[in-house]
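> All residue numbers for the sequence shown refer to our numbering, where the first residue is 144 and numbers rise by one.
Treat each hint with caution, since some may be false.
Unchecked claim - Once the Cα atoms are required to be at most 27 Å apart in a straight line, the calculated DSS-like pairs of lysine-lysine come out as: (1) K235 <-> K208; (2) K160 <-> K220; (3) K173 <-> K208; (4) K249 <-> K184; (5) K160 <-> K228; (6) K173 <-> K160; (7) K220 <-> K208; (8) K208 <-> K249; (9) K160 <-> K199; (10) K208 <-> K228; (11) K229 <-> K173; (12) K173 <-> K184; (13) K173 <-> K235; (14) K229 <-> K199; (15) K249 <-> K228; (16) K208 <-> K229; (17) K199 <-> K228; (18) K184 <-> K242; (19) K160 <-> K249; (20) K220 <-> K235; (21) K199 <-> K184; (22) K199 <-> K220; (23) K220 <-> K184; (24) K235 <-> K199.
Stated by the list, open to error - With beta-carbon atoms standing in for the labels, derived distance ranges: (25) W200 <-> K249: 17 to 25 Å; (26) S157 <-> P232: 24 to 32 Å; (27) I247 <-> I162: 23 to 31 Å; (28) Y238 <-> N164: 14 to 22 Å; (29) T167 <-> H215: 24 to 32 Å.
Just so you know, the hints here were simulated from the structure itself, not pulled from any lab data.
Only a predicted model underlies this, so the values are computations on that prediction, with no experimental measurement involved.
Beta carbons are placed, not taken as given, at the ideal position from N, Cα and C, and that holds for glycine.
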Amino acid sequence: DNIGQSSFILKPKSFQKQIINTVTLDDWVKQNNIQRVDFIKADIEGAERLMIEGAKWVLNTFGPKLSICIYHLIDDKEVLTRLIKKANPNYKIEYRWGKLYAWIEK
Numbered sequence: 144d145n146i147g148q149s150s151f152i153l154k155p156k157s158f159q160k161q162i163i164n165t166v167t168l169d170d171w172v173k174q175n176n177i178q179r180v181d182f183i184k185a186d187i188e189g190a191e192r193l194m195i196e197g198a199k200w201v202l203n204t205f206g207p208k209l210s211i212c213i214y215h216l217i218d219d220k221e222v223l224t225r226l227i228k229k230a231n232p233n234y235k236i237e238y239r240w241g242k243l244y245a246w247i248e249k
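Go ahead and model the full structure; you've got the sequences and the hints to work with.
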């Protein structure tokens, strides 16, 4: 029923609920003492805006190049552009093939 997605389930009789702990990119980079972030690629089925929200410090501090899918939610292009520019207004942004590409000219 969800063919074409990252997974599909054919009318199962029961579901098993599982709790998954997550961490923001900002927290992970700080906790692991990462000294450099050069590139972020994301195709996370509509959760791209949550990823950007949790990576504001990384975007502002390191200014990594970005390749992010913008076709999952109807307003992805506008919302993701706004979030990226809010985190770091120096980003240049282009859109091609359902993706947002962003970089900072040095």
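> All hints, please: hold or fail.
Status of the hints after comparison with the structure:
1. Proximity of K235 to K208 is assessed by CA-CA distance (about 10 Å); at most 27 Å being required, the pair is judged to hold.
2. In summary, the hint linking K160 to K220 is not supported, as the alpha carbons are separated by about 32 Å, beyond the 27 Å threshold.
3. Under the criterion of a C-alpha separation no larger than 27 Å, the hint pairing K173 with K208 is consistent with the structure, at around 19 Å.
4. For a cut-off of 27 Å, the pair hint linking K249 to K184 stands: about 20 Å separates their Cα positions.
5. Distance check on the hinted pair: K160 and K228 sit about 37 Å apart at the alpha-carbon level, beyond 27 Å; violated.
6. A C-alpha spacing of about 30 Å is found between K173 and K160, which places the hinted pair above 27 Å, so the restraint is violated.
7. With a CA separation close to 17 Å, the supplied pair K220 and K208 stays within the 27 Å bound.
8. As the CA atoms of K208 and K249 are separated by approximately 12 Å, the hinted pair is consistent with the 27 Å bound.
9. Between the alpha carbons of K160 and K199 the distance comes to roughly 31 Å, so the proposed pair goes past 27 Å and is violated.
10. In summary, the hint linking K208 to K228 is supported, as the alpha carbons are separated by about 13 Å, within the 27 Å threshold.
11. Taking the CA atoms of K229 and K173, the gap is about 21 Å. The hint holds against a cut of 27 Å.
12. Under the criterion of a C-alpha separation no larger than 27 Å, the hint pairing K173 with K184 is consistent with the structure, at around 19 Å.
13. Restraint check for K173 and K235: the C-alpha separation of about 25 Å stays at or below 27 Å, so the hint holds.
14. Proximity of K229 to K199 is assessed by CA-CA distance (about 8 Å); at most 27 Å being required, the pair is judged to hold.
15. The straight-line distance between the Cα atoms of K249 and K228 is roughly 16 Å, inside the 27 Å bound, and the hint therefore holds.
16. Between the alpha carbons of K208 and K229 the distance comes to roughly 16 Å, so the proposed pair stays at or under 27 Å and holds.
17. Under the criterion of a C-alpha separation no larger than 27 Å, the hint pairing K199 with K228 is consistent with the structure, at around 10 Å.
18. For the proposed pair K184 and K242, the alpha carbon gap of about 10 Å is at most 27 Å, so the pair holds.
19. This hinted pair does not check out: K160 and K249 have alpha carbons roughly 47 Å apart, beyond 27 Å.
20. Of the supplied pair hints, the one linking K220 and K235 holds, its CA atoms being roughly 14 Å apart against a limit of 27 Å.
21. About 15 Å separates the Cα atoms of K199 and K184, which keeps this hinted pair within 27 Å; it holds.
22. The hinted pair formed by K199 and K220 meets the criterion: a straight-line CA distance of about 17 Å does not exceed 27 Å.
23. A hinted pair counts as satisfied when its Cα atoms are at most 27 Å apart, and K220 with K184 qualifies at roughly 15 Å.
24. Straight-line distance between C-alpha atoms of K235 and K199 comes to about 16 Å, which keeps the hinted pair within the 27 Å bound.
25. About 20 Å separates the C-beta atoms of W200 and K249, a value consistent with the hinted range of 17 to 25 Å.
26. At roughly 49 Å, the beta-carbon separation of S157 and P232 lies outside the given 24 to 32 Å, and the hint is violated.
27. Hint check: I247 to I162, Cβ distance near 37 Å, so the stated range 23 to 31 Å is violated.
28. Checked against the hint of 14 to 22 Å, the C-beta distance between Y238 and N164 comes to roughly 33 Å, which is inconsistent with it.
29. Between T167 and H215 the CB atoms are about 19 Å apart, so this pair departs from the stated range of 24 to 32 Å.
Consistency note: the structure conflicts with the earlier hints numbered 2, 5, 6, 9, 19, 26, 27, 28, 29.
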